[in-house]
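> Knowing the structure of chain C, use the given hints to seat chain W on it.
Protein chains in written order, with my numbering: chain C, 1 to 291; chain W, 1001 to 1439.
In short, the hints are calculated from the structure, not lab data.
Be a bit skeptical, because a hint or two may be false.
[As the list claims (entries may be wrong)] Keeping only pairs whose Cα atoms sit at most 20 Å apart, straight-line, the calculated EDC-like set for lysine to aspartate or glutamate is: (1) Lys1236/W with Asp120/C; (2) Lys1236/W with Asp87/C; (3) Lys1390/W with Glu1315/W; (4) Lys1215/W with Asp31/C; (5) Lys1413/W with Glu1273/W.
Residue-level listing of the chains:
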Amino acid sequence: MLIPSLIDGLLLGFVYGIAAMGLSLIWGVMDVINLSHGPIIALGMFGIYLAFNGLGMNPYLTLLLVMAGGLLLGIVIYGVAVQRVIDAPHLSTLLATFAVNMIIIGIGTAVFTTSPRNVDFSLGSISLGNVSLTWTRILAAVAAGGVTALLYLFLHRTQPGKAIRAVTDNRAAAELMGIPTNWILALSFGLGTMLAAVSGGLIATFFPFTILAGGSYEVKSFVICVLGGLGNPLGALIGGLLLGALEGVIPVLGSLPGIPNIETSWVPVVEFVLFVLILLVRPQGLLGSES
Amino acid sequence: MKKLAYWILVLGLLAGLIVGCGATEEPAPAPEPTEAVEEPVAEEPVGEEVTMVIGFTTSQTGKYNVSSLRQVNGFLLWMNEVNDAGGVQLSDGTVVKFDYKTYDDESTTERVQELYTRLATEDNADLLISPYSSGLTAAASLIAEQYGKIIITTGAASDSNYMEGYTRVFQAYTPSSRYLTGAVDMLAHVDPDVKKVAFVYENDKFSTDVVNAAKEYATGKGYDVVLFEGYDSETKDFGPFINKILDAGAEAIMGGGHFQDGSTFARQVYEKEVGINYFALLVAPPEPDFADLGDAAVGVIGPSQWEPLAEFTPESAAEAGLEWFGVLGADFVSAYEAAYDEEPSYHSMGGYAAGQILQKAIIDADSTDPEALKAAMDAMEMLTAYGHIKFDTSAEAHGLQIGHSMVYIQWQKDDAGNLAKQVVWPLEGKTADPIYPLP
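Same shape as in the complex, but just chain C:
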């Protein structure tokens, strides 16, 4: 039972990784902790839900719209809430993004209420030996992998991507080199929220959700960012896979000889103990560089 559980967990970990990548990108580029990360994940979920239930659109095609919407929303949030306090103490940016968080939740609750929603989209499963995997999770992992690859190509093969990396390294120097850092920061924020929205859209294909559902994934994203290294998108993906693997394997460790049954409710305890240990032992994260 360990192998099926591990595979299940890894598939989910890809989606966790995408969510965390968004948070990590914003954090790494502009040193801002985006507390509106959770509600944006939830908005991605609702984007898929509204398109599927209202227009009958395929959820995977709708992801393209969710990506575009997430990008635009992030640019707007940056321009309205973050830009003015980007050079202020960290508390200011925290409060600014927290305010955005409360606004989105308030509007979302008024419009959608807190009743659970479902995207009733099932593609069945595939059996590989004694392992049964649902197609929605497989496709979510494939989509997450694809988005990761696109992000990598964007950051390393395009002018805006290189500009983002330059601003991350040294904003002042980048400004001196003629890079419009304000627009690059807005673009970076938009990319971060786009990744959050995409992760929400993928999660909606296999879990029910409410407008408040993003909160738990936001918390996981923080853990993953610490695991993988702040500002390191690849590290976030690997951290996501690690967290997903833990969530899949811990409950079934009791199937091994000599290990007592571990209830699933202990999983968050293990996750956060690991979080604290990483902070104590290797605060730069598993893939972060010491500086």
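Just chain W now, with coordinates in the frame of chain C:
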């Protein structure tokens, strides 16, 4: 440009504040709002009309939304029927009619506590009906007892709520200790060779009470409970539990909790092609919306407080030596479908039955005096379209429902391939043979 952005931000924050305040402080409109009486009637003027205000909360938002709205719809159907028929006439010529006051409890205990206190004090409700769910009802019962208000609970099966020494709490539902025992009996009937059972359940008051009683019953019947594990109410990923079920070699799964988590559990078991032959879940399967799962619903069994196919009649009451009260089940179903354009669930009937209990109590007491109503409910024993109703009057379990029993439904496909609920247990009440093993 910067000024414009600034004002957009300010307006946005203001909008958020207004929306946020509005979402939490304003009472939500009821499904069929009518004006509530502002002043309670202190005395009963002879030959005149009096209005009893019934207070309750509705889970218009949150995870109990589906079942709660059906419960309230059932109660309001009863209320409108009685009012339209001219109310309840007392021997002194007084005509008793009914009105209600409700708020959105957002499916949270905190809101129930605030709102039932408001209903009992500021709104001066004459009598209370519980919210949906045992957890919320426990909070409401405490408030009702504290303020000396009778509360008829429906949608609340947990036995423990009636072991608290309350004297004004009356339960309409069959208690949770008897929810899954019939599922164990049916398993023994359909496949005596099955021995390994897994209980995976929501970690809340109601579900825990149900599975603890079912586990004890199953163990006593010789079953090996190979997995007994609860999940958090907010659980979305049942993959780890499904893997544990498979690893434990379970042949049957019982448990679940409420509609949302039960539906998700059923869907994920189906998608994973678990290969389990017997699957019984609480609450979710009897809901008509469970059919939205499509093939994932086929074969899933659920205990139900009542089904439209149930046949309680004045004749069956006479045979059982019971007093018949109220309309026939078919009449309730027709009226409900006409009023709400949907099929009633047992939650709907529970709400309706709560109204019938009140109505019968007023008739028996020939009064609306709370003490007289309490005495009438203590002495009540009747058969309705909902079933047998009788309350425990012992000090240890006052108000516990001791007359009513569960039926068990299973979703099956008819000849046209459409999903339909069938009553499969008890044998004397079945409308179809159970599907076994699961397709």
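> Hint by hint, note whether the structure agrees.
Structure-based check of each hint:
no. : hint                     : verdict
1   : Lys1236/W with Asp120/C  : holds (14 Å)
2   : Lys1236/W with Asp87/C   : violated (39 Å)
3   : Lys1390/W with Glu1315/W : holds (19 Å)
4   : Lys1215/W with Asp31/C   : violated (53 Å)
5   : Lys1413/W with Glu1273/W : holds (19 Å)
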